[in-house]
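Oh and the sequence shown: position 63 is 95 in our numbering, straight run, nothing missing.
To be clear, the hints were calculated from the coordinates, so they are not data collected in a lab.
Hints are supplied without guarantee of correctness; some may be wrong.
To be verified - List time: in silico BS3-like cross-link candidates among lysine-lysine, alpha-carbon distance up to 25 Å: (1) 337 with 286; (2) 59 with 301; (3) 361 with 337; (4) 218 with 233; (5) 54 with 395; (6) 106 with 54; (7) 36 with 75; (8) 301 with 54; (9) 54 with 153; (10) 361 with 406; (11) 361 with 385; (12) 406 with 385; (13) 301 with 314; (14) 286 with 233; (15) 75 with 388; (16) 385 with 454; (17) 59 with 75; (18) 361 with 395; (19) 286 with 314; (20) 301 with 361; (21) 337 with 395; (22) 36 with 153; (23) 454 with 395; (24) 454 with 388; (25) 314 with 153; (26) 314 with 75; (27) 454 with 54; (28) 59 with 106; (29) 153 with 337; (30) 314 with 233; (31) 36 with 361; (32) 75 with 406; (33) 75 with 54; (34) 361 with 286; (35) 106 with 75; (36) 36 with 59; (37) 361 with 388; (38) 36 with 54.
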Amino acid sequence: MFNKILIANRGEIAVRIIRTCKSLGIKTVAVYSEADENALHVKMADETYLLGGPRVVESYLNIDKIIEIAQLSKTEAIHPGYGLLSENAAFAIRCEQAGLVFIGPSPDVITRMGSKIEARKAMIEARVPIVPGIEYPLADAAEAVVEANQLGYPVMLKASAGGGGIGMQIVENNEELMAAFEGNQKRAINFFGNGAMFIEKYIVNPRHIEIQILSDGFGNNVYLWERECSIQRRHQKVVEEAPSQFLDEITRRKLGEAAVSAAASIGYKNAGTVEFLMDEEKNFYFLEMNTRLQVEHPVTEEITKLDLVAEQISIAAGNPLNFSQADVKRNGHAIEVRIYAEDPLTFYPSPGKITKLQIPTDKGIRHELGVHDKSIVSPYYDPMIAKMIVTGENRSEAIARLQVALANYQIEGIKTNIPMLKEIIAHPSFHSGHTTTNFIEAYLKK
Numbered sequence: 033m034f035n036k037i038l039i040a041n042r043g044e045i046a047v048r049i050i051r052t053c054k055s056l057g058i059k060t061v062a063v064y065s066e067a068d069e070n071a072l073h074v075k076m077a078d079e080t081y082l083l084g085g086p087r088v089v090e091s092y093l094n095i096d097k098i099i100e101i102a103q104l105s106k107t108e109a110i111h112p113g114y115g116l117l118s119e120n121a122a123f124a125i126r127c128e129q130a131g132l133v134f135i136g137p138s139p140d141v142i143t144r145m146g147s148k149i150e151a152r153k154a155m156i157e158a159r160v161p162i163v164p165g166i167e168y169p170l171a172d173a174a175e176a177v178v179e180a181n182q183l184g185y186p187v188m189l190k191a192s193a194g195g196g197g198i199g200m201q202i203v204e205n206n207e208e209l210m211a212a213f214e215g216n217q218k219r220a221i222n223f224f225g226n227g228a229m230f231i232e233k234y235i236v237n238p239r240h241i242e243i244q245i246l247s248d249g250f251g252n253n254v255y256l257w258e259r260e261c262s263i264q265r266r267h268q269k270v271v272e273e274a275p276s277q278f279l280d281e282i283t284r285r286k287l288g289e290a291a292v293s294a295a296a297s298i299g300y301k302n303a304g305t306v307e308f309l310m311d312e313e314k315n316f317y318f319l320e321m322n323t324r325l326q327v328e329h330p331v332t333e334e335i336t337k338l339d340l341v342a343e344q345i346s347i348a349a350g351n352p353l354n355f356s357q358a359d360v361k362r363n364g365h366a367i368e369v370r371i372y373a374e375d376p377l378t379f380y381p382s383p384g385k386i387t388k389l390q391i392p393t394d395k396g397i398r399h400e401l402g403v404h405d406k407s408i409v410s411p412y413y414d415p416m417i418a419k420m421i422v423t424g425e426n427r428s429e430a431i432a433r434l435q436v437a438l439a440n441y442q443i444e445g446i447k448t449n450i451p452m453l454k455e456i457i458a459h460p461s462f463h464s465g466h467t468t469t470n471f472i473e474a475y476l477k478k
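Start from the sequences and build out the full structure, keeping to the hints where you can.
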């Protein structure tokens with residue numbers, strides 16, 4: 033096992049990783065920007081190093097500085113968390129070149145699965161169902177129109193690189209597609225440095241269901257059940273739960289086996305997530321693979337009682353999994369809500385100083401926090417500041433517990449999306465499990 037790990041991240045995920053490292057007796061190194069000097073992850077780590085200015089390009093995306101600090105601190109491994117450099121193959125390569133263990137899959141796998149087009153090709157080879165579409169980048173908007181008419185509208189225009197819904201748009205006809213192409217391509221270039229675009233058939237009223245996998249490099253691949261992640265705004269998840277109310281046991285097993293097949297076919301190693309779209313008849317289609325820890329990993333931990341960060345570290349240290357698929361049990365129901373520093377009506381970020389933070393601490397409640405009272409929420413980073421996870425013996429108990437917890441969750445000094453979360457959780461369609469990806473647009477007050 034490692035003696036010291038550097039966490040190349042910030043916020044609640046850095047805190048989360050530090051917590052597991054402490055439980056394993058591993059020393060931690062935190063890196064931070066000038067804006068995060070008093071951040072919680074900085075206070076918790078054994079060693080801390082300043083990266084640079086507040087902007088991510090000056091700090092958390094500064095690969096040279098991170099590698100320099102890792103060598104200076106005699107770190108053995110780097111955990112990238114999620115976002116930032118977690119799916120950056122160039123960073124993984126630099127870690128290897130510096131003699132550091134990158135806690136994640138190989139650079140080749142990151143590269144292949146980081147391209148939605150290449151990932152589609154890989155899934156075709158693995159015989160995993162994919163959404164009808166194309167497996168090559170579009171030359172221009174005119175070619176997109178030709179292909180869209182072959183597929184039939186509506187279609188989903190997508191950037192091949194990146195994620196978070198950037199460069200993605202549903203289009204209903206030729207005119208909409210022509211209008212959408214250039215703008216989405218520019219956004220993809222600005223955010224990912226890659227303007228490759230492709231299209232897929234749009235699945236009407238889909239569910240977004242993903243499978244957590246672990247692969248150890250010794251031929252052992254297991255799935256840790258599913259997460260229902262259909263409640264989204266602007267293609268970003270807001271509420272996640274496990275297990276999904278929509279699945280029967282046969283479909284659940286087929287999804288898990290498809291995810292394991294996908295991982296095995298590309299030689300995957302470490303934790304990863306295979307995401308699927310599912311239609312109203314329970315047909316499922318590969319969406320993408322995230323070659324990292326997911327924001328919503330705690331709901332899987334709650335129903336399996338596994339520490340996914342500990343498993344990541346163990347695999348990266350060269351250990352085989354110490355359990356098989358038959359050992360992975362499923363107990364209870366867990367729901368996670370993401371808490372954003374943003375206006376609940378406009379979704380605009382709401383940076384500022386937190387003047388009061390009072391969180392519920394009743395039975396079955398888990399918090400992943402990147403802030404404390406008196407924290408400054410910076411405008412330079414993603415506005416997600418915390419996650420709350422509730423667990424019950426069944427879904428009804430979990431929902432009831434979540435409603436009480438949200439009512440008692442107090443943050444002052446900034447605006448948050450808690451009012452929107454309360455509205456989602458109280459809605460009859462949420463209670464009945466009718467949670468498709470258009471839930472917020474269809475049901476929430478305008």
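Tested hints:
1. 337 with 286: This hinted pair holds, its Cα atoms lying about 23 Å apart.
2. 59 with 301: Since the Cα atoms of residue 59 and residue 301 sit roughly 24 Å apart, the hinted pair holds (cutoff 25 Å).
3. 361 with 337: 9 Å, holds
4. 218 with 233: Distance of about 22 Å is within 25 Å: holds.
5. 54 with 395: 24 Å, holds
6. 106 with 54: 18 Å, holds
7. 36 with 75: 17 Å, holds
8. 301 with 54: Within the cut-off at roughly 24 Å; holds.
9. 54 with 153: 41 Å, violated
10. 361 with 406: Violated. Residue 361 to residue 406 sits at ~41 Å, over the 25 Å cutoff.
11. 361 with 385: 42 Å, violated
12. 406 with 385: 6 Å, holds
13. 301 with 314: 29 Å, violated
14. 286 with 233: With Cα atoms ~22 Å apart, residue 286 and residue 233 stay inside 25 Å; holds.
15. 75 with 388: The given pair, whose Cα atoms are some 19 Å apart, holds under the 25 Å limit.
16. 385 with 454: 23 Å, holds
17. 59 with 75: 14 Å, holds
18. 361 with 395: The hint holds at about 22 Å.
19. 286 with 314: 11 Å, holds
20. 301 with 361: 22 Å, holds
21. 337 with 395: 16 Å, holds
22. 36 with 153: Violated - the C-alpha atoms of residue 153 and residue 36 are around 38 Å apart, more than 25 Å.
23. 454 with 395: Given pair residue 454, residue 395 holds - Cα atoms ~19 Å apart, limit 25 Å.
24. 454 with 388: 20 Å, holds
25. 314 with 153: 23 Å, holds
26. 314 with 75: Between residue 314 and residue 75 the Cα gap is close to 47 Å, so the pair fails against 25 Å, i.e. violated.
27. 454 with 54: 34 Å, violated
28. 59 with 106: 11 Å, holds
29. 153 with 337: Violated, because 34 Å separates the two Cα atoms, which is more than 25 Å.
30. 314 with 233: 16 Å, holds
31. 36 with 361: Violated, at roughly 31 Å.
32. 75 with 406: 14 Å, holds
33. 75 with 54: OK: residue 75 and residue 54 at ~14 Å, within 25 Å.
34. 361 with 286: Satisfied, since the Cα-Cα distance of roughly 17 Å is no more than 25 Å.
35. 106 with 75: Distance of about 20 Å is within 25 Å: holds.
36. 36 with 59: Holds - the C-alpha atoms of residue 59 and residue 36 are around 5 Å apart, at most 25 Å.
37. 361 with 388: Roughly 39 Å separates the two Cα atoms, so the pair is violated.
38. 36 with 54: Given pair residue 36, residue 54 holds - Cα atoms ~10 Å apart, limit 25 Å.
In this structure, the earlier hints numbered 9, 10, 11, 13, 22, 26, 27, 29, 31, 37 are contradicted, and the remaining ones agree with it.
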